[in-house]
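Q: Generate coordinates for the entire structure from the input sequences, incorporating the hints supplied.
There are 2 protein chains.
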Amino acid sequence: MTAEIICIGTELLLGDILNSNAQFLAQELANLGIPHYYQTVVGDNLSRIHEVIKIASQRAQIIIFTGGLGPTPDDLTTSAIASFFDTPLIEKQEIIEDIRNKFAERGREMTANNRKQALIPESADILPNLTGTAPGMIWQPIPNLTILTFPGVPSEMKQMWSDTAIPFLKSQGWGEEIIYSRMMRFRGIGESALAQKVNHLFDLQNPTVAPYASMGEVKLRVAAKAKNIQSAEKLILPVAKEIEAIAGEDYVGYDDDTLASVVGKMLLERGETLSVAESCTGGGLGSMLTEIAGSSNYFMGGIIAYSNQVKIEQLGVLEEFLTEYGAVSAIVARQMAKGVQKKFNTDWSISITGIAGPGGATETKPVGLVYLAIANPEKQVESYELRLGEKRGREAIRYLTSCYALDKLRRELIDNR
Amino acid sequence: MTAEIICIGTELLLGDILNSNAQFLAQELANLGIPHYYQTVVGDNLSRIHEVIKIASQRAQIIIFTGGLGPTPDDLTTSAIASFFDTPLIEKQEIIEDIRNKFAERGREMTANNRKQALIPESADILPNLTGTAPGMIWQPIPNLTILTFPGVPSEMKQMWSDTAIPFLKSQGWGEEIIYSRMMRFRGIGESALAQKVNHLFDLQNPTVAPYASMGEVKLRVAAKAKNIQSAEKLILPVAKEIEAIAGEDYVGYDDDTLASVVGKMLLERGETLSVAESCTGGGLGSMLTEIAGSSNYFMGGIIAYSNQVKIEQLGVLEEFLTEYGAVSAIVARQMAKGVQKKFNTDWSISITGIAGPGGATETKPVGLVYLAIANPEKQVESYELRLGEKRGREAIRYLTSCYALDKLRRELIDNR
Chain A
1 MTAEIICIGT ELLLGDILNS NAQFLAQELA NLGIPHYYQT VVGDNLSRIH
51 EVIKIASQRA QIIIFTGGLG PTPDDLTTSA IASFFDTPLI EKQEIIEDIR
101 NKFAERGREM TANNRKQALI PESADILPNL TGTAPGMIWQ PIPNLTILTF
151 PGVPSEMKQM WSDTAIPFLK SQGWGEEIIY SRMMRFRGIG ESALAQKVNH
201 LFDLQNPTVA PYASMGEVKL RVAAKAKNIQ SAEKLILPVA KEIEAIAGED
251 YVGYDDDTLA SVVGKMLLER GETLSVAESC TGGGLGSMLT EIAGSSNYFM
301 GGIIAYSNQV KIEQLGVLEE FLTEYGAVSA IVARQMAKGV QKKFNTDWSI
351 SITGIAGPGG ATETKPVGLV YLAIANPEKQ VESYELRLGE KRGREAIRYL
401 TSCYALDKLR RELIDNR
Chain B
1 MTAEIICIGT ELLLGDILNS NAQFLAQELA NLGIPHYYQT VVGDNLSRIH
51 EVIKIASQRA QIIIFTGGLG PTPDDLTTSA IASFFDTPLI EKQEIIEDIR
101 NKFAERGREM TANNRKQALI PESADILPNL TGTAPGMIWQ PIPNLTILTF
151 PGVPSEMKQM WSDTAIPFLK SQGWGEEIIY SRMMRFRGIG ESALAQKVNH
201 LFDLQNPTVA PYASMGEVKL RVAAKAKNIQ SAEKLILPVA KEIEAIAGED
251 YVGYDDDTLA SVVGKMLLER GETLSVAESC TGGGLGSMLT EIAGSSNYFM
301 GGIIAYSNQV KIEQLGVLEE FLTEYGAVSA IVARQMAKGV QKKFNTDWSI
351 SITGIAGPGG ATETKPVGLV YLAIANPEKQ VESYELRLGE KRGREAIRYL
401 TSCYALDKLR RELIDNR
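Here the protein sequences line up with chains A and B, keeping their order. Take the first sequence: its position 53, counting from 1, is numbered 53 in the working numbering, and each next residue is one higher. Take the second sequence: its position 134, counting from 1, is numbered 134 in the working numbering, and each next residue is one higher.
The set of hints was computed from the structure by calculation and includes no laboratory data. None of the values given here were measured: they were computed from a predicted structure. A few of these clues could be false.
It does not matter which identical chain is used: a pair holds within one copy or between any two.
Claimed, not checked - When the alpha-carbon atoms are kept at most 30 angstroms apart in a straight line, the in silico DSS-like pairs for lysine-lysine are as follows:
#1 Lys170 / Lys54
#2 Lys365 / Lys391
#3 Lys379 / Lys92
#4 Lys197 / Lys116
#5 Lys219 / Lys158
#6 Lys102 / Lys391
#7 Lys379 / Lys227
#8 Lys227 / Lys158
A: Structure representation (structure tokens):
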């Protein structure tokens, strides 16, 4: 039983977009324990799509297609698959209804070319798309070959995969030996330093332990192969506990845990509230905090103090401090934290002021210099200096600043227990 | 003359890494005007690598390989290519010297397994790697087939491509015509509706016009083939102008233009300022606006009014309106916009209040219901109701809300000229 991934779209051949769908599907197949040995990318061209179907159908028992399900003439996936297997397309009334409803919800009329998206082979099942107009299909055109199609829009594809494809694959008895993993997340320690600390675990066979690094975060993936999730978790747990103990405060959480969710959980447990005052991040920290559903239980809001005027009038920063020390200084960060804590009457507050670049640097203050401050329920304010370097670029500096701020609050919450 | 890309590495099949090499090479081939119709990913497995070489060598005249050039036993690329074409490998003394020197520079001794990286077919040319130990090769194993190999590390691969592969390909007379494109961006119109309006342009041969869709945005790619960029631009311009005229206000900009940059440019030209009051987006709109370097020239800041208390105290929203109409209502949105405009003394302001979900819905107010309001320099306030649907999820609802808000401001700025 092997699967194969075929991504269709001339934009992939032109390099206009990154093929993140292939990575997502590859991870998902690995998690299900369904082997796949080949991925192919092909453009919106009938004879070439036929060519790759011919090759893949000789090698694999499951073919997963992404892309080419849209309403325009260059969207060929469904018709190419059907014509390869000499099967006519029929218009499914329930798809038409679904598309019409989606247009109606947005106050628009369905256009004629959307009818094309309702055409699938008679014996194919609809793979419903909750948000977009392009449904996929699950179809067995010949014995021992199952085809699944997905649109190219990643958010739609992922939802359809989780909601329908996984249950379907499992119902077929595929993915019986599962690979189950826990992604453990760390902050404030480098990949190599963490790797040295847990070096003795890298030789384990089941579960395996492997390091990953992404921007501002180091991860360890602890993965076990077992008959079911419960057995896998039993294998994973003692190893995960050992790693937690080794990493101490640098361990943040696992899987879906984020800095914002971990901090939010701690605030909720303590019944404490938080506000923010943001300059260079411009709302990014507030946005990160409010990614968490239910964050209104502890996050009251904040001031985006992008201009000095707002820092003075809304946060009570003294004009002479701005003149003497500059907006990017520890003392201004502290005043911002105090100001928003008082104004919003919260237990905690975080402030951020820095130079995200590319402009704005001075002789003594380079791009990437950031001050942040945290005010605690005892009205004490701690400030921190970050030097993120000039070469990372504006986006990374802003993102990392919000991450650092949340990590500092996380550590203060731990220490302030 | 067509090329094909083959990426080798089990880590790609496990989804551990994103295949950014394929995107880079795709863009480069497009820029050189060398067509490529297929990309394949295969793991570190001899017979399966042979299988993909067999298929690609029947379809293409240039095959570009990435990955599998390292010193470990699972690095099979060079030996697999050579054995497919029945050619022995020989040890190239100059590669050994180069690797030894690189180790010496770092004060280390070359390890025995690095000798493997010096093995290439006798008639192959070395494709030098300035930074890493893995050189590639340029080899013509049979008439009308040229093979180029690169390591999988993106930085090394890119440097080798620019330094050696491009000059080589041009010296062969390939890549003399370039493909140059403009990505035109639209809002407020669906992919199918836009496609119908510009339907007559889809049959053009040079430039070509093709539609793309991503979340909340529709794009048209206008691409021309020509001797140089200037000639390509001459071909693109009249078509782009025609599309602009057809799309009217729905046309936002092209290439690197974003809603935030387009709005920012308009505000800057008019010498006007902006503030925001955000509830459900929690700072996301401010963050989007401040992605633009220099946004401090027109964006003053804002209030993240996540709690009702903040709406009342900081923005002057009347408590009885919150009780009577609820926080998610047009009237509260209008008061928020007025409140922040006054408080921050800006020409324009945007406010957002909505239900991002998954909780928070009531009988009359579903998840995805959002009100936004825009106050203009004449202190007039216009409010808008969005119904984004319950199924998109919190993240998409918040992101789309910020996009809609910026798009509404963009349209008001156009109308208010």
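Q: Each hint needs a verdict: does it hold in this structure or not?
A: Hints versus structure:
1. Lys170 / Lys54: within (26 angstroms within a copy, 34 angstroms between copies)
2. Lys365 / Lys391: within (14 angstroms within a copy, 46 angstroms between copies)
3. Lys379 / Lys92: neither (64 angstroms within a copy, 51 angstroms between copies)
4. Lys197 / Lys116: between (57 angstroms within a copy, 17 angstroms between copies)
5. Lys219 / Lys158: Both: 22 angstroms inside a chain and 22 angstroms across chains, each within 30 angstroms.
6. Lys102 / Lys391: between (45 angstroms within a copy, 11 angstroms between copies)
7. Lys379 / Lys227: Neither, since 53 angstroms and 65 angstroms both go past 30 angstroms.
8. Lys227 / Lys158: within (24 angstroms within a copy, 41 angstroms between copies)
When each numbered hint is compared with the structure, violations occur for hints 3, 7.
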